[in-house]
Amino acid sequence: MSEEARGVVAEVLAKGEVDGVLGLREDEGAVGPHYFRKGDDLDSLVLSPKYALPLVLRWFRLHSPDTRVGAVLRGCEERALVELSKRRQVDLEMIEVIGLACTAEEAKECGCVNGSPTNVMIGTPTEGLPERREFLALPDADDGARLDYWKAQYSKCIKCYGCKNVCPVCACEVCMMADHGWVRGGSLPPKFATFHLIKAYHMADRCIECRECEAACPVSIPLTEMYGRLLRDVERRFDYVTGADPEQRPPLLTTLMDEPILEEEEEGGG
Amino acid sequence: MTEDEWEPKILVFCCNWCSYAGADLAGVARLQMPTHFRVLRVMCSGRFKPEYAFKAMEQGIDGVFVLGCHIGDCHYLEGNHRAKKRFEVLEDMMVHLGVEPGRIKIDWVSASEGVRFQAVITEFVAHIKELGPSPLGGGR
Amino acid sequence: MRHDEEPRIGVFVCHCGSNIGGWLDVPAVAEYAGTLPYVVHSEDNLYTCAEDGLAAIRKAIKEQDLNRVIVASCTPRTHEPLFQATCEEAGLNRYLFEFVNIRDQCSWIHMSEWDAATEKAKELVRMGVAKATRLVPLDRSTAPVELVAMVLGGGITGMTAARAIANSGFEVYLVERRSVLGGLLNRLHKIWPTEESPRQLLDGLEADLEANERVHILTGTEMVDLKGFVGNFDVTLMPVEGNGDGLDLKVGTIIVATGADEMKPDGLYGYGEVEGVVTELELETMLREGNLPEIGNAVFIQCTGARGQRVTYCSRVCCMTGIKNAMELRELYPEASINVLYRDIMAYGISYEELYQRARVKGVGFIRHPKEEPPRVETGPDGKVRVTYRDVILGRDIVQDVDLVVLSTPLVQHEDAKELAQMLRVPLGQDRFFFEAHVKLRPIDFASDGIFLAGTAHGPKDIEESIVQALGAASRSLTFLKAGQVLSEPIVAVVDEDSCIGCGNCIEVCPYGAIELKEGGKRGQVAEVNPGLCKGCGTCPGACPSSSIQQLGFTDEQILAMITALANGGD
Amino acid sequence: MTTFEPEIVALCCNWCSYAGADLAGVSRIQYPPNVRILRVMCSGRVEVGHIIRALEMGADGVLVTGCHPGDCHYISGNEQAEKAIAATKEILTVLGMEDRLSLEWISAAEGQRFGQVMTDFVERIRALGPNPMKEAKVSRGNPGDVPGRLEDLVDRTGVMYCLECGKCEATCPITRMEIAYSPMLIVEEALRDLPEELEADKGLWNCITCGLCSHRCPSGVDFLEFVRQAREVETSSCDRCAHGGVFHALAGIMANEAVSQPGRLDWVEDGMEVAEKGELLYFTGCLPYFEPVLWDVDVHPAGALGSTVRVMNHAGIVPVVMADERCCGHDLVWSGQSGTAFAELARLNVEAIKATGARRVVFTCPEGLRTFAKDYPRVLGEDAIDFELLHITQLFAELIEEGRLELPEGTDEAVPLTIQDPCRLGRHMGIVDAPRKVLDSLPGYELREMEHHGLNAHCCGTSSWLNCGTFSKRIQVERMTQAEDAGADLLVTACPKCFSHFNCTLNEPGSDDTPPKPAVEIVDISVLLSKTLGLEGGGDR
Amino acid sequence: MTKDESVLIIGGGIAGFQAALDLAAAGVQVHMVEKSPSIGGRMAQLDKTFPTNDCSICILAPKMIETYGHKNINVRTYAEVQKVSGSIGDFQVEILQKARFVYEDKCTGCGACMEKCPKKVSSEYEMGLADRRAIYFPFAQAVPRVATIDKDACIHFKTGKCLLCVKECQAGAIDHKMEDEVITVNVGAIIVATGFDVYLPYEMEEYGYGRYENVVTAMEFERIINAAGPTHGHMQRLSEDKGRPKRLAFIQCVGARDVRHDRPYCSAVCCMHSTKEAMLAREHHSDTDSWIFYTDMRAFGKGFWEYIERGERDYGINYIRGKPGEIIEDPETKDLILYYTDRETREVRALEVEMVILATALIPRADAPEVAQILGIEMDEYNFFKAPNVMMSTDTTREGVYMAGYCQKPMDIPDAVAQGSATAARAMEAMAQNPKGGTSQKEVTA
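Protein chains in written order, with my numbering: chain A, 1 to 270; chain B, 1 to 140; chain C, 1 to 571; chain D, 1 to 541; chain E, 1 to 446.
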């Protein structure tokens, strides 16, 4: 697949519509983001492991806002880009997405429904899973078992901030998780309500379910079991899918008049 | 701390123009209500953010109640809209978290509704008493 | 004594006579306050808001070198300005002050739980102290006032207010939905006590308004949109019918003088079913148009639909209207027997009591019926109306067949008042009339500055009282117009440019467009707040994921401190 | 010239004299036809009032016949008759008509005697000549000047100002005992134009016109005037008058100019200096008639006459007293019978007074004072009374103030007494201080005010001899108890009627279960003063 | 235009405050003259106010302080207006500043002098239920909190000796040689807001006021239940047993709606304040029962009727239609027996209570005739100031002189406040139309 990618990137660079293409480069065994310019050696371009390229694209809006940039992005990363654009972190006009389709296994592993970006240029578009992934069944809520489950999960946390760092939509300069006003310092595991739940609340209208956070979590806390469920609720209540429509404003910023809450009475899903 | 010694501790966010004025009116009318709630005055219910609920419940507060102006009455036009939407997400999280969603509530009280203020407060305190201490509370 | 020095807090706990001290242990609260961190002085006073209380505060600030003051007493809504001014007089920035409400929201609502109420007062004070430690000095800003007033409603009230404002040298827009000025007065036959026709009163007023080029009369027009705040409201007016183009105005103050309607008592005393049962205004219309049939005898029924029957309130003027019209019928038909069935005759004051006496002398009968036994009205023989009522003194029922039954019904708020109230951002009371800022001391103000209230929109009242409120509302407007500027509270939003990434969440939730993006900050763009436009609602910090934008006076730090103070109670 | 044919009324007792009359008839004994026989079951049935009213109506002579002493079918009926007739004769002697009455005992068997008695009596009356009342031009009947319609009455007396506040109801001494009656109820009936209900007995006639309700009415309704005029509208009969309507009849008689009262001054004993002309006139009122009329209740208010004159003489005053003083007419005014008789009485009295040249007229009876002050101007014109009117207590107070009555020094003894403010003196005329000034200056006595005194005093129970019934008795007992509760031994009255009503109730022979009478002694203020000055000979208390 | 505008306000009560604060906020210079040593007016004597049962001094004190402290308002207490001349737009006013024998700027209001002063006189503020000294504050929350010496009471002015207060005063603020002074001010308009007096029903013997100790007027009762009052808020009888009255009777329209005492008008606020006082009695002690005897229950203002129904429902107040005929005192127990008619059974009943509160008429100030004469304005037949144009109740019979509050006609506090603002508007209009010396605005708008 990397070969195909190198060819595609080369074509794009050749066309000259972009000043360069942001992709991944392997250098002495380490893979990192690299900005390939026209004429660069593309051999080192690789496609995995996944990397929060959307966050890197913010650099261009900051430092050279009028350069057009190409970027090799998977479906979820493109959606992340859309969400970042809604927070004025990137300018979509100046970015040309070089769509990289995930393989069926990758889609299955992510539980991703639409495995491929809008215009797939690398790899063949896969339908992704027939319907959305099933969440893990959570224990029953009434007798507190479910809460104990989450307490147990969150108590594993070693506050490495991996989930925040790797998340393509976490664009804040100073994150509340690191703010002693909110999260009392000096205690491990961190008090999960102010640490994990505030993060989950912020994810409710941003997370694009790329599950990088889970991948990055050293103690494998099932973070997207919470974030995913919140996304479903947001979708159901506010008819809003993260990363889908660049024009649609984030639900928590709009008023009831222009975006009424749809199901008022029905209780949140299990 | 045994069951009967436990007294619920409830935090109520009131917006200055409607629910806080309604609370005052309930006082002027000497409408009696349980003592287990403390009012925190903000200028508008839009000032409330779910993060406060997490911070509060984490420290052992058993219930959080947000009282704003009726939709359409907000002194600042749409503050209560935002509060309502944020609250929806918070409520969903409670369900997924396994915490009784009844621990947190949002409602509207106008400046002239002293009786309504008494009613919603009394009902919420009773509900929290029923639910018992907050499981999030770190065993206070 | 600068604010960033270590906080030195003074706590003043008020007895408020017996209103607080009578229901919770004020000295214990003061003593407890003394034990809290950074509290260097605490005392309790009988009336903190009185001269001696304020003197104690000034004295403590000077002698104890206080840089924070907390008063625990009634409600900030009425007394915060007073204590802030006292701090300012003693040289302390007025915003290094925190108000704790332990009366309206503690002692008065927990009157049978001495200990729990005292405990609650202590915790409220602890929350206040926690916030006080994180207060910073702030300064009020002034904004210019548009030297134009607007009056909604062209009845006697609106016209009087408009004339008073114009005569004091200011431009005023008088907006009336109907095509003609005069409101309810147009439907009256005679007004008391001058016995003149309403036209005589209205014509003079209307002439003054037309002659005064500072007055702009806009009949057949209504307000469809309102933005902005005291001093500069943006109003959009539209003609009621047709699609003429609207008019956008910038005005400094607004007076609500939209009046009221007469209740149609369907289903009461046969109204709408039995012939010959009319309301007061319908009678006055017949009198005005001269098509009142011959009256042999008539019965007036007071309090129709009022005081618990349909609405809960007494409508103040229906007794006098009833008596005026009863005397009018006695004048037209001296032999007619006119009886007024009443529960209480509200002939308050001097001239109304005299009218009531004159009616009795003129032969109008007054019969009191108990509230539980209202009169019964049904179709009587040969076109008459049969009224059966109980005379308590004679101790028996009396049946009368009369030519006319007149029902005195209460004034009620307009059906669509809720729309206007929402546009103005002002509440309606339980009685659906506009809900004033304070029933006793601010009867013609609203809680939000710059909007005033007068006439029957505030509640039922007679013409003279409406004129007094109209002049009063004019005066309230003139305090802003003549001052030319308005002081705005500095509880506006501010941006921490180090942490703001310019994501624009705050911009989107701000109802006043008070935030814009500018160059700067770590991400090349940061939000910037225009204090003149920001009205201090605090919705933007609610939408900021990184707490980069804060509302002064209600910062996250302060709110979190209060939550923590409340939460860890004992420890 | 036709001879005078006297009209005679004979009241014959059924068992003896009536039977005697039949026997005369059976025996065809002839006697003049002038007699109209009226059968009564017993001569004891005949009351003073019957005789006086017969004479008032113009009867030339009245003959009462009964069984011989001891024969009375009802044992002692004839003895009662004897006393009644004796009392009536006393009254008639004042009017100079005593010969027009005679009492004869005729048994059932004395047909012959019956005829003889009749014949002799007719001739005697023929000799006397016609009863002056025959051509009396005035009558107590409906004066006609008061229109019958209630509505006009309502307008005239300001009753429509009533706000039904209920204060009069909660004040009236009668309502407190009889809930069917209340001033407000009467006003409501008038306002609702219901004359028939107003006239029913529970209505208008229960009112004792004490004026407490008018005094307290916040709406200024002159309820007294309303009751007075309503009674005029309602009736002219006298069926509710007490003591058989004697006083009202006497007023009717005295209203006839032709009637003179030769015995009017019989009460004047030697040692009392009085005059026919002079500066100060003492208007005695009906006192001379009181005792004979009230013969059956053993009440003696007339002592006040002598005491008053003695005190006046002691102070160097020789009061004018009029032989032809007529009844002031008060009782007619308040019983709805003021008719033309009242105006005539007013005229006669005022002319008589003017004839004596008196500048000051002193009244023992406050009812007389009020009638002269308020009712005479109504019938004689505002300026008819050009002389000063004052109550006897005002004169006494004046004399004491001017030191013309040297009162003996105080003794350490201080008999507690209290004063009954007569309604006509206090509330009607506003005179409250004079009696107190007198009592305060009396050595040996100490005034204890009752709870209700002055303008707030409670009434002595009845007025103008009307409707004296159980209410009046209960009020009298209650009032005397109040005096006792105030710690007084003496209850001083300043009105002969209060004096009479109180004593009448005290004298009433109670049965064993009636509660004991209040331990107070009733004394007239003039008598008390005279006694204190040591002027009383024997005299009554 | 506003720089040289100024207004005189006579009377430092709630109506005067509202007028003063409106004018001052509009930049007009206000001269306020108050006869008694402190501003506050009648409202300062009340315990609570209907229909909200707000604590009266609590909502009044901020207004008092704001008025006294406002830079545009010059408050003169213990002062009276002596003479007024000139016309609308240009009045010359002579103000007599009575000597209070205490320097306002020196006195700290510590109150030490009062403890030492030996002379006690009855306190007008406490309606005679408590004493004050010759040197005194009328009440604790007085504004300005400056002592005043009552010349007629002070021993020094009689005997030339004493001066205990001078010794006691560390601030050296007392000076018995101070003299009255007269100040003239020039104003564009005048507002009179002198309030009312309470009718004392001595002449109505049937109710025994002045004879029976436990028969009090409503204002006296307000002082009795006031925490800062003579009994420190303990509801107690005035008979020397000082017992707590468990049964209270309120009688309405005492001396009001009373033709006999030529006061046929209704004082408009008594039905409400009797209900309030009955509520407060029940609040002080839950076993207190109250009876209110009325002719018409006049609760016509906003929220008033609901207040009365709450009184009946939640506070168990017994409302009885019909005035009691008379009151009799039981000499031993000093309890009072009222005779009244029960409307349904029409019986005359006796109700035994431990205290009777007479809701007496509220009448114009005793000195209203002098004030009217000085101002050159007319009065109506009851000494209220006359409004020639009935529809413009703010305007007196003299152009440029306006009136607000109870001195114009019986009204409650919200109406007085509204009329306070109304007179401010009229004053501003008057000055705009008749500027001192400037071109009259009249031609522009005529």
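Hints may contain errors.
[Unchecked claim] Listed below are the simulated DSSO-like cross-link pairs for lysine-lysine, each with C-alpha atoms no more than 27 Å apart in a straight line:
| no. | chain 1 | residue 1 | chain 2 | residue 2 |
| --- | --- | --- | --- | --- |
| 1 | E | Lys386 | C | Lys62 |
| 2 | C | Lys62 | A | Lys159 |
| 3 | B | Lys105 | A | Lys191 |
| 4 | B | Lys105 | A | Lys15 |
| 5 | E | Lys177 | E | Lys158 |
| 6 | A | Lys164 | C | Lys522 |
| 7 | C | Lys59 | E | Lys158 |
| 8 | C | Lys59 | E | Lys177 |
| 9 | E | Lys177 | C | Lys190 |
[Unchecked claim] Just the calculated beta-carbon pair ranges, DEER-fashion:
| no. | chain 1 | residue 1 | chain 2 | residue 2 | range |
| --- | --- | --- | --- | --- | --- |
| 10 | C | Gly308 | E | His285 | 50 to 60 Å |
| 11 | D | Lys437 | E | Ala350 | 26 to 36 Å |
| 12 | B | Ala119 | C | Glu419 | 24 to 34 Å |
| 13 | E | Asp175 | C | Thr312 | 56 to 66 Å |
Simulated from the structure, these hints should not be mistaken for lab results.
Just so you know, these numbers come straight off a predicted model, no measurement behind them.
Note that CB positions come from ideal geometry on N, CA and C, so glycine has one too.
Query - Straight-line alpha-carbon gap A:Lys164 to C:Lys522, limit 27 Å - result: Roughly 18 Å between the alpha carbons, so the hint for A:Lys164 and C:Lys522 holds.
Query raised in the report: Within a Cα-Cα threshold of 27 Å, do B:Lys105 and A:Lys15 meet the stated pairing?
Result: 58 Å, violated
Report task. With respect to the beta-carbon atoms only, verify the hint that E:Asp175 and C:Thr312 lie 56 to 66 Å apart. Result -> At 59 Å between Cβs, range holds.
Query raised in the report: Within 24 to 34 Å or not, the Cβ separation of B:Ala119 and C:Glu419?
Result: 27 Å, holds
Requested in this report: Compare the distance between the alpha carbons of E:Lys177 and C:Lys190 with 27 Å, and conclude whether the hinted pair is satisfied.
Outcome: 63 Å, violated
Query raised in the report: Given the hinted pair E:Lys386 and C:Lys62, is their alpha-carbon gap at most 27 Å?
Result: 51 Å, violated
Report task. Take a quick look at whether C:Lys59 and E:Lys158 sit within 27 Å of each other, Cα to Cα. Result -> Answer violated: C:Lys59 to E:Lys158 is near 38 Å, above 27 Å.
Query raised in the report: Is the gap between the beta carbons of C:Gly308 and E:His285 within 50 to 60 Å?
Result: 29 Å, violated
Query raised in the report: Keeping to a limit of 27 Å between CA atoms, is the pair of E:Lys177 and E:Lys158 held or broken?
Result: 14 Å, holds
**Report entry** C:Lys59 paired with E:Lys177 [C-alpha distance capped at 27 Å]
**Finding:** Status violated; Cα separation ~31 Å.
Query raised in the report: Falls inside 26 to 36 Å, the C-beta gap from D:Lys437 to E:Ala350?
Result: 35 Å, holds
Query - 27 Å limit on alpha-carbon distance, applied to hinted pair C:Lys62 and A:Lys159 - result: 48 Å, violated
In summary, the numbered hints that this structure violates are 1, 2, 4, 7, 8, 9 and 10.
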